[in-house]
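*Asks:* Hints in hand, dock the two standalone chains.
Residue numbers (this note's numbering), protein chains in the order written: chain A, 1 to 428; chain B, 1 to 251.
In short, the hints are calculated from the structure, not lab data.
Dumping the calculated EDC-like pairs for lysine to aspartate or glutamate here, alpha-carbon to alpha-carbon at most 16 Å:
1) Lys153(B) / Asp179(B)
2) Lys190(A) / Asp213(A)
3) Lys388(A) / Glu73(B)
4) Lys52(B) / Glu375(A)
5) Lys190(A) / Glu241(A)
6) Lys52(B) / Glu387(A)
7) Lys20(B) / Glu56(B)
8) Lys388(A) / Glu76(B)
9) Lys171(A) / Asp89(A)
10) Lys52(B) / Glu374(A)
11) Lys110(B) / Glu387(A)
12) Lys325(A) / Glu353(A)
13) Lys246(A) / Glu409(A)
14) Lys122(A) / Glu106(A)
15) Lys20(B) / Glu59(B)
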Amino acid sequence: MALPQFKQDATDARLDAVTVPDGAAWLTQARKDAMTRTATMGLPHRRDEYWKYTDPATLVAADAPAAEVLDDDDAIFSDANPLTLVFVDGVFDAAASDDLKGENLEIGCLAEAGAQDIHWAKDLYGVLELAGQNPVQRPLASLNTATATDGVMIRATGPVDRPICLRYRRKESAADAVLHHVVRVEAGAKVTLLETGSAAARLSTVTEVSVADGGEFHHVRQQGRDHARRMNTHTFARIGEGSVFKSFTLSLNGVLTRNDCVIDMLGDDAVAHVAGACVGDGEGFHHDDTVFITHDALRGESRQVFKKVLRNGAVGVFQGKILVKEGAQKTDGYQISQSLLLDDDSQFLAKPELEIYADDVACSHGSTSGAISEEALFYLRSRGVSEKAATNLLTLAFLAEALEEIADEGLADDLRDRLAGWLDRHAG
Amino acid sequence: MLEIKGLKVDLEEEEKSILKGVDLTVGAGEVHAIMGPNGSGKSTLSYVLSGKDGYEVTEGSATLDGADLLDMEPEERAAAGLFLAFQYPVEIPGVGNMTFLRTAVNAQRKARGQDELSAGDFLKEVRARAKDLKIDAEMLKRPVNVGFSGGEKKRNEILQMAMLEPKMCILDETDSGLDVDAMKLVSEGVNALRSEGRSFLVITHYQRLLDHIKPDVVHIMSNGRIIKTGGPDLALEVENNGYADLLAEAE
Numbered sequence: 001m002a003l004p005q006f007k008q009d010a011t012d013a014r015l016d017a018v019t020v021p022d023g024a025a026w027l028t029q030a031r032k033d034a035m036t037r038t039a040t041m042g043l044p045h046r047r048d049e050y051w052k053y054t055d056p057a058t059l060v061a062a063d064a065p066a067a068e069v070l071d072d073d074d075a076i077f078s079d080a081n082p083l084t085l086v087f088v089d090g091v092f093d094a095a096a097s098d099d100l101k102g103e104n105l106e107i108g109c110l111a112e113a114g115a116q117d118i119h120w121a122k123d124l125y126g127v128l129e130l131a132g133q134n135p136v137q138r139p140l141a142s143l144n145t146a147t148a149t150d151g152v153m154i155r156a157t158g159p160v161d162r163p164i165c166l167r168y169r170r171k172e173s174a175a176d177a178v179l180h181h182v183v184r185v186e187a188g189a190k191v192t193l194l195e196t197g198s199a200a201a202r203l204s205t206v207t208e209v210s211v212a213d214g215g216e217f218h219h220v221r222q223q224g225r226d227h228a229r230r231m232n233t234h235t236f237a238r239i240g241e242g243s244v245f246k247s248f249t250l251s252l253n254g255v256l257t258r259n260d261c262v263i264d265m266l267g268d269d270a271v272a273h274v275a276g277a278c279v280g281d282g283e284g285f286h287h288d289d290t291v292f293i294t295h296d297a298l299r300g301e302s303r304q305v306f307k308k309v310l311r312n313g314a315v316g317v318f319q320g321k322i323l324v325k326e327g328a329q330k331t332d333g334y335q336i337s338q339s340l341l342l343d344d345d346s347q348f349l350a351k352p353e354l355e356i357y358a359d360d361v362a363c364s365h366g367s368t369s370g371a372i373s374e375e376a377l378f379y380l381r382s383r384g385v386s387e388k389a390a391t392n393l394l395t396l397a398f399l400a401e402a403l404e405e406i407a408d409e410g411l412a413d414d415l416r417d418r419l420a421g422w423l424d425r426h427a428g
Numbered sequence: 001m002l003e004i005k006g007l008k009v010d011l012e013e014e015e016k017s018i019l020k021g022v023d024l025t026v027g028a029g030e031v032h033a034i035m036g037p038n039g040s041g042k043s044t045l046s047y048v049l050s051g052k053d054g055y056e057v058t059e060g061s062a063t064l065d066g067a068d069l070l071d072m073e074p075e076e077r078a079a080a081g082l083f084l085a086f087q088y089p090v091e092i093p094g095v096g097n098m099t100f101l102r103t104a105v106n107a108q109r110k111a112r113g114q115d116e117l118s119a120g121d122f123l124k125e126v127r128a129r130a131k132d133l134k135i136d137a138e139m140l141k142r143p144v145n146v147g148f149s150g151g152e153k154k155r156n157e158i159l160q161m162a163m164l165e166p167k168m169c170i171l172d173e174t175d176s177g178l179d180v181d182a183m184k185l186v187s188e189g190v191n192a193l194r195s196e197g198r199s200f201l202v203i204t205h206y207q208r209l210l211d212h213i214k215p216d217v218v219h220i221m222s223n224g225r226i227i228k229t230g231g232p233d234l235a236l237e238v239e240n241n242g243y244a245d246l247l248a249e250a251e
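Bound conformation, chain B alone (with noise of 0.2 Å):
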């Protein structure tokens, strides 16, 4: 599915390294997660995946299915399967919530060489997702993101998810600002979508989100590397040790 191999990404203004060759692979169907220190590139990790501007890729590649996402625009490698929820949603104000899904769906659709869906499938289609992760019609009906709460936010990513169906999928500290309750809804949103053919990367600075999304594998990431790969027994090891002892490990 996704193949990472020695990834190096400068930022652009300030020829600065944040990745330092990161390797890495996701099987279809399994769910990794990145855990790491505040500043160790797992943000910046997957804004380069996502075609964001503002980075450089000095070296490796990346690739879904063969494809090779680094050549491709940020639309682009959407259509191709790449979904990204963002650590801090955008709000766009004047842009309804419904006619954003509804582009961005029927865009892919386009990408892909299918039929755009009609007004009336999209909208049971929404309809339907909506309501598992309690999104109200009042919600569907705001403009994107303006005036949500948190928890709504990032309620908000995974119904794009869920209606974008992609392959690959990348959660960015979806359980920043989220409480107990909030991190349940959206944990059960993400596990109704794991499938045999969708794969996830879950980048979290908690176990307490692995507790609820059981990832099958987990790296620790630091300094633009990923230092120690290992099963979900690893992230309990951070959660009680915290990073020191591994980052020492690593030296």
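If we strip away everything but chain A, and leave its shape as in the complex, we get (with noise of 0.2 Å):
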């Protein structure tokens, strides 16, 4: 089907000036693949129904719009002493990173998997995106299987003990990056992947992740502070039987986020959190969480946990959808987004789905938009704390039940604290 003349347009001037990276073969054939099939989607417009409340014009141009970079602080998940990978303006930079090696771990970077004529990821690269396309279709993901030039794969073949942290660094204003991750937790295998940083003017990622049965993944992720950054991030994730998938986002700052989650539950007792904490200020900030949990098995349990603070005319868009598949009974499955306007000029814009066609399920959602207690602003400063502590305060008790669904302790504590002194440190 031919598209629209306005899509066709914005396709190909974007497809006209990227170029598909060279590589081994399997790679290659990838690409090519993605290629074809976002020039036959055509790449995403305001009047596409999962677009509605995102403008995706500045991720489909052609260029960036710069950014200027922000020193951003790069001590975040230190504690947690993890094997780093630093990629400088979307390339992995060998030289700032520790030696990729580790217990029950395989581990490179796009670059180098990319070039080597067999390589485990050939069955991974490309091929959630691909099966994430249906029934929504993510042009953006298949642009970035096309263009991707570097990325990390990892493959965990038995517990990993130490977090794998992506630190995103820039150097360009200009700079638009497009990475590609990929990673394959074995059956019993375990990983934890954090990032951080803004990584370009324009990031574009993808993380395909396969959780064989019994494995676990978890992912917390710090998005860069940049103010004028965009990012748009999709994670597909397929999980079996009787794994465990948990991704965290905290994002402040920034122009344009858009972070879409598409996660299969294949496998039966498979446990699946999805969670993000946002703080926006100013008309500019726009922050887009987009979710999309399939039940194709027994007894799995989906969590959805997204919290918004939003002030001077920041937006939050949330679209959340459960999709219970015929047979997927005994499915529990819960979904909040809420949001806290600081403001009358804040807007928070959601729409949760629930789809089901089994009859033995239980599924739960909410949504909420408020303004700050005045009563609990009251008390706080009639004991003395000041009204821009004791909004702080409120503002970090609203958002500490998606912090919550971070597993682990340290790290939690870690963004915790950051957040924490961010928002003292900023102006109000």
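*Replies:* Given below as structure tokens:
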């Protein structure tokens, strides 16, 4: 079917400006296939149902608008003593990174893996992204598969004790970065992936995660605080029997963030939790969490917990779906999205969706928007706490439920402390 | 200590007059009680003194050791030494009681130019004070007032008072919702804080509380004014005869 002209033009303009990088035959094939499906689907437009609340124009445009480089806090997650990989403007920097090795771990960067004729990532690269294109098309993800030049390939063959941390640093103010990560957690294996930093003026990441039976994948991410950066991320996960997938994202600043998370729960008794906390300030701020969890097995438990604090005209979006397929009995699905609007100018747009084809399931969802409690504010102030400190305390309290989704207490405390510090330093 | 002169206050939204000229002086180390029928303006007086929104002072003044209270933000009044024990302590989900106490103590210390208490010193202090009020470690960990019983909430107010060491304490119907044992416990907490430099304004409906917290002076408030001032006997008179006679006398 031909694309509408406005979409065809926008797609042509972008695709003409990108090149499919060189690589081994398997990777070249995956990239070419992805390019073909991107061209067929066309890049997203505001008129698409899943882009109704978020204008993708600046993510689609051939050139990324510049964004000033902020000195990001590099010490984040350092208490966890992670195996650190540094990417500068979207390119792996071996010299600045740790030695890529660890117990029960095969790890390398895409540039290197993609030059090898045979690599385990072949079975996953672009494969989970392709599976995630149905029923909702995600053309920015296939564009990423086609054009990504770097990323990390992680294979956990047993418990990996040391978390793996991807630090995205920036040098150029106008850099456009495309990173594609592949994670394979073998049966009974376990790994934690951390991400932090802005990476580029415009960053696209796709993370494909396969968790085999009894495996565990933990993901904690702090999205870069550069004020004008744009970011669209996709996580595609396929998880097996008795497996655990947990992902948490903290976002502050940036003008545009769109985080898509697509999880297919294929094995019985699997657990999938996706959570996010975001603090947005100013009319330019737009933050969108779009989640699609499919229950396709027995007794699956899924949770979506998203909290947004918005002020001075900031906009927050949540589009969350739970799809329970026929036969996915005893599913336990939970979804909550809440916003704290610190003034009348901010907006929260929520679209919770439940689609259920099994008759013995428990699914609940809720969405709220509210202001800060005047009663609580006065109570705190009457005890000598300044209005700003009291507001911050209540803001942190509001976000607490989302941060509690982080399994590792140390990582959760690290983020809580930094969040408190950032709020404290914020001019308000 | 606390000096209120000709205080007149309207409700901001309804243009309704609540306080119609209150005069009250509480000296250092004194305990004053304010009694009065429902709607007489007792709680409004406590809110206006502590700086709650929604009230408009149209006339008069209120000073604490000479400093103009009405010109200060609520947090500045607290730092100046004013404390209000709420009739209905507010529940704050997500904020741990301990975090709340420490934030408050250190905010006030900072405002007074003192160093913040170290985590260790603070903990020692809190544990000692909490023990006197039979507040266990679990209650300190829980979110502020969330799931607390009526008695626990009031004990928590007194714990805050003990930690913040204010000069001027206002207790707004602290006895409401308390059984006899809880009232005794709370009163003991208050009495332990009585000292030469600390004054109390105890707002209550009942003489009962004043059996435990013995006032030096008792005021009767009605229709936005203090209509009679006397010794502790005045409270007994109210208990025995009700307000009717006093109100008639004032007319």
